[in-house]
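Engineer: If you want the building blocks of each chain, they are given just below.
Number of protein chains: 4
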Amino acid sequence: MPPQSPSRLTARLESLRPAASTEKPGDKTAKPKGAREVRSAARKEAILAAALEEFSTSGFAAARLEDVAKRAGVAKGTIYLYFADKEALFQDLAREMLQPLVAHVENFATIDLPFPALADSMIDVMTHELLGTRRQDIIRLILTEGPRFPALAEFYYREVLSKIFAAIGQVLQRAVDRGELRHKALIEFPQLLAAPMLVAIMWNSVFGAISPLDAKAMLKAHVDIVLNRGDA
Amino acid sequence: MPPQSPSRLTARLESLRPAASTEKPGDKTAKPKGAREVRSAARKEAILAAALEEFSTSGFAAARLEDVAKRAGVAKGTIYLYFADKEALFQDLAREMLQPLVAHVENFATIDLPFPALADSMIDVMTHELLGTRRQDIIRLILTEGPRFPALAEFYYREVLSKIFAAIGQVLQRAVDRGELRHKALIEFPQLLAAPMLVAIMWNSVFGAISPLDAKAMLKAHVDIVLNRGDA
Amino acid sequence: MPPQSPSRLTARLESLRPAASTEKPGDKTAKPKGAREVRSAARKEAILAAALEEFSTSGFAAARLEDVAKRAGVAKGTIYLYFADKEALFQDLAREMLQPLVAHVENFATIDLPFPALADSMIDVMTHELLGTRRQDIIRLILTEGPRFPALAEFYYREVLSKIFAAIGQVLQRAVDRGELRHKALIEFPQLLAAPMLVAIMWNSVFGAISPLDAKAMLKAHVDIVLNRGDA
Amino acid sequence: MPPQSPSRLTARLESLRPAASTEKPGDKTAKPKGAREVRSAARKEAILAAALEEFSTSGFAAARLEDVAKRAGVAKGTIYLYFADKEALFQDLAREMLQPLVAHVENFATIDLPFPALADSMIDVMTHELLGTRRQDIIRLILTEGPRFPALAEFYYREVLSKIFAAIGQVLQRAVDRGELRHKALIEFPQLLAAPMLVAIMWNSVFGAISPLDAKAMLKAHVDIVLNRGDA
DNA sequence: AATGAATGAGCGTTCATTCAT
DNA sequence: TATGAATGAACGCTCATTCAT
Chain A
12 MPPQSPSRLT
22 ARLESLRPAA
32 STEKPGDKTA
42 KPKGAREVRS
52 AARKEAILAA
62 ALEEFSTSGF
72 AAARLEDVAK
82 RAGVAKGTIY
92 LYFADKEALF
102 QDLAREMLQP
112 LVAHVENFAT
122 IDLPFPALAD
132 SMIDVMTHEL
142 LGTRRQDIIR
152 LILTEGPRFP
162 ALAEFYYREV
172 LSKIFAAIGQ
182 VLQRAVDRGE
192 LRHKALIEFP
202 QLLAAPMLVA
212 IMWNSVFGAI
222 SPLDAKAMLK
232 AHVDIVLNRG
242 DA
Chain B
12 MPPQSPSRLT
22 ARLESLRPAA
32 STEKPGDKTA
42 KPKGAREVRS
52 AARKEAILAA
62 ALEEFSTSGF
72 AAARLEDVAK
82 RAGVAKGTIY
92 LYFADKEALF
102 QDLAREMLQP
112 LVAHVENFAT
122 IDLPFPALAD
132 SMIDVMTHEL
142 LGTRRQDIIR
152 LILTEGPRFP
162 ALAEFYYREV
172 LSKIFAAIGQ
182 VLQRAVDRGE
192 LRHKALIEFP
202 QLLAAPMLVA
212 IMWNSVFGAI
222 SPLDAKAMLK
232 AHVDIVLNRG
242 DA
Chain C
12 MPPQSPSRLT
22 ARLESLRPAA
32 STEKPGDKTA
42 KPKGAREVRS
52 AARKEAILAA
62 ALEEFSTSGF
72 AAARLEDVAK
82 RAGVAKGTIY
92 LYFADKEALF
102 QDLAREMLQP
112 LVAHVENFAT
122 IDLPFPALAD
132 SMIDVMTHEL
142 LGTRRQDIIR
152 LILTEGPRFP
162 ALAEFYYREV
172 LSKIFAAIGQ
182 VLQRAVDRGE
192 LRHKALIEFP
202 QLLAAPMLVA
212 IMWNSVFGAI
222 SPLDAKAMLK
232 AHVDIVLNRG
242 DA
Chain D
12 MPPQSPSRLT
22 ARLESLRPAA
32 STEKPGDKTA
42 KPKGAREVRS
52 AARKEAILAA
62 ALEEFSTSGF
72 AAARLEDVAK
82 RAGVAKGTIY
92 LYFADKEALF
102 QDLAREMLQP
112 LVAHVENFAT
122 IDLPFPALAD
132 SMIDVMTHEL
142 LGTRRQDIIR
152 LILTEGPRFP
162 ALAEFYYREV
172 LSKIFAAIGQ
182 VLQRAVDRGE
192 LRHKALIEFP
202 QLLAAPMLVA
212 IMWNSVFGAI
222 SPLDAKAMLK
232 AHVDIVLNRG
242 DA
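Chains as they are written, first to last, in my numbering: chain A, 12 to 243; chain B, 12 to 243; chain C, 12 to 243; chain D, 12 to 243.
Hints are not guaranteed to be accurate.
It does not matter which identical chain is meant; a pair holds if it fits inside one copy or across any two.
Said to hold, decoys possible - Derived pair list, reagent style BS3-like, types lysine-lysine, alpha-carbon separation capped at 30 Å:
| no. | residue 1 | residue 2 |
| --- | --- | --- |
| 1 | LYS174 | LYS55 |
| 2 | LYS174 | LYS195 |
| 3 | LYS55 | LYS227 |
| 4 | LYS174 | LYS227 |
What the hints contain is simulated information worked out from the structure, not anything from laboratory work.
Work the whole structure out from these sequences, hints included.
Structural biologist: Right, here's the structure in full:
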């Protein structure tokens, strides 16, 4: 007997499908944004930033919208001008934060480098774009709250994970074809490639204070193992 | 691949509990328990079992003590006879569930087998004793609620993780010494060995409904990679 | 018997409004209205019409000014340019709608017809001018919200009811004097004459969907009883 | 777009059907009520009484549950031990208050008296059992809130009005058959008989302070008119 | 005059915790 | 011990009202 009804979530999920942005960058007829609109967009960002902070610190259930508002420098009611409810705020936050990540990863599939070089480079990107940024908090939140937000999990799977895995799959296939990679199983289980990343995120959020983890070094070690490199 | 039937889980949970009461019936030094004490201990166990179920399903914040009480077949107030408050119940639960885990793993350090055989055996144990049992839920809960329960995270780190890692460290060191394992880095980052396990746990709780993951196959693939085995 | 189509109602409402502006185009003493003033008056009317609709549908407390504004095609703030607050809007609405009613009824006192003919004619007027129009909603609202708006109740009593009852009193007295009516008590209790009208209004708003009431037939039956007519 | 969903109301309506009371008055096995139960029943009554007061004064929407609680001498949360929500409290209140009224009226159908005597007696009963009691407030509330609570209106129609009208119908039919009553139309429109009652209720709640109405005298006058009595 | 974004007081509802029985 | 009725602080959300533009 979960608190929220699945139907409401499913309904909202529909709205998670990437809306076709009718305003293209080069659109000449687009009127310049008025101060109103700029202010409004800034407020929305402020609320999202505050929500990220509060959700990260307290989790979805324990985060108080009043604190989000206070942190964003707006009144409680203002949140509801931009988001339908607490749940929508959370989902919009996740979408907003993760969308750019996908583009980054998909980019890798197009780069034609030897796999080892590509892997090292991917570690750099992940280290900079994920670890230590707010995005890792979002991923943690999705894993943390996912079981109670099936729609969010589905969105994340559909819009983020499946795309990332598809891109990784291409890269790996190419590497195998070129004889740069022995382990075909990685194509079937791309999770194995991502696992250390996940562990780094969880570790540092849970045990970081007790025993910090050098995530980059660990990721490098992982690549070495996958490539059966180094250490010798 | 639905999570699993509650009855099986409860049965399994029962088998986890005896570890706590080390006294056997014939134990001379133990004063015989009165019916009162037996009943009392049984109640505490019932509450813990119910709490595990509820916390696993709803998370700490959303779990309702009323539901825990109902599931345990006691009154709401009774919980407070055994646990100071909701937080204490959660922490006690985690502690009680984790204690037996350590023994299991430390056991491995004493087994003198070739590393590949040991690794395969470890996968079997993990698959049967962790995946698909309520123990995985406890681990998920610690990762999930850890940031909000520093004391619990510290306890887990000190009493469980550090011991497990120490044991793993011994095993790995021996394997390296014997030339059964190339990658010394694993000794520094035992997390890399555990990562796929963690991913399997999280994946199936978050995305299991969307796209189930064959955890055992993935773990096998991981060992193959670490040992630079197979696939060819 | 669905309430009625909004379009018809709106049209009818329009025809109610002119009563407020007594100045005719050729009125010399009136300074000619600028386009500004005309627009302004039109807006006020639009707001009143929208308010009538919303208050009728939802009651005073549940009616939302945002919905009133939307229906009137103005912004929320605009309402406050014409009315001090929600309560004032409601009271102004009631006053504006009721003013024309009185003239109608007072007219009857001046018609010199035999009472039975007058009564039958009154039923026709009531049926067409009250039942099924938005006027009945205003009356319902006054009865419904009256206890919480003493000032409105007093206004209604003073400006509408007492005048209507005075007019009815004259008619009845004449009928009694002429021997057309036995029951002098009606002069003391004109409510008895109006009661079926009131019941028709309330019935159809509350139970209309369950069991529609043929108001006109009921009113006719009532007159028959009062005049001790028919049926035989 | 009414505030509450009809489905929820319809669902609740099911529960309005008179539950078969399994405990009959003469039930020997019924254990005497403990102090607990007595206190509990008293509390429920206190809450209902307080709710009646608050709903009567403020209407459903404007009544504050905090005030109900305060008036009942309980905490806000206590209300929710006895009633699912504000709406259920309102509906239970209506049911509780009106159920006894029906029995009263149905009783009349069994009394074999000349119609004039019966009518006079009915006025007495109504005057004592309805006018000036809390029950008139309930009836006013049902008429007032009915349009927004279709389930309540339906309940009132089914459980109260239809039964009362059926009983009145029998009485009237007998009166017509015996030649004690001319106006057969009353059988078709029992509302005409009840109309003055309704007017008395509404009048005194809305205009009682401005101009009190002698309800009993008015009802008597109405019976005189129906019977074409008196005045002469 | 007109707008509508912003405000924040207010209320229904939940649930951990207490305590009389 | 055990109960579960009672409590009341807390929080999500609404909406009348304000005010900068």
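Engineer: Now, for every hint given, state plainly whether the structure supports it.
Structural biologist: Checked hints:
1. LYS174 x LYS55: within (27 Å within a copy, 47 Å between copies)
2. LYS174 x LYS195: within (19 Å within a copy, 34 Å between copies)
3. LYS55 x LYS227: neither (33 Å within a copy, 44 Å between copies)
4. LYS174 x LYS227: Both: 24 Å inside a copy, 24 Å across copies.
Figure legend: structure checked against the earlier numbered hints; the only hint not met is number 3.
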